[in-house]
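Residue numbers for the sequence shown follow this note's numbering, beginning at 1 and rising by one.
It is worth saying that the hints were derived from the structure and are not from the lab. Keep in mind that a hint or two might mislead.
Said to hold, decoys possible - Computed cross-link-like contacts, DSBU-like style, restricted to lysine-lysine with a CA-CA straight-line distance of at most 35 Å:
#, residue 1, residue 2
1, Lys71, Lys32
2, Lys75, Lys32
3, Lys31, Lys75
4, Lys71, Lys31
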Amino acid sequence: DEQTPFASVAWLGEDAAEIHLGAVASIEALKKELDARVELLGLNYMYVGRIDGHFRRVDARTELPQQEPYKPFAKVLETDERRFTFADLEGTLVCFYFPSYLAGVNTPGWHLHFLSADRTQGGHVFDLAMTEGTVRLGRYDRFTMDLPHNQAFRDASLQQASQDEIAQIEQGK
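Whole structure, please, built from the sequences with the hints as guidance.
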């Protein structure tokens, strides 16, 4: 049974680069740190990062479970989004990076999710403040995309989200 409409999954190999980060004041500052590593390794690849650390603050969101007929995600966020601020905790960020030429397949740039060390809190990250952390960063040169094999997918009217919708989904704006 399908339980999620979309997932990005990867395994970090033994060859993943390990980087120590000191204090990071915001998600934009973290993305700049990660972008600097990506520029050295090649901008046209996909990257997955795992950051284990201590976080002063994590601003995140999740959505309520959905029922058929399914609404576009931007509409779901209007009524079913739940926002949280987590403070002073250990946890893990999972970070996916897709280059801009893959915009039709995934959102370009960094996409971050948080999970607390005790596995009780988490969600899509809008902003954060990290005391320190350790990054494991892996570079990928291929991916597999599995599409549903059902009538609902065959009949769906799929269209690409607008840039405004993507900004709303990714940054909550």
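Status of the hints after comparison with the structure:
no.	hint	in the structure
1	Lys71 - Lys32	holds, 34 Å
2	Lys75 - Lys32	holds, 30 Å
3	Lys31 - Lys75	holds, 27 Å
4	Lys71 - Lys31	holds, 30 Å
Violated hints for the displayed structure: none, as all numbered hints are satisfied.
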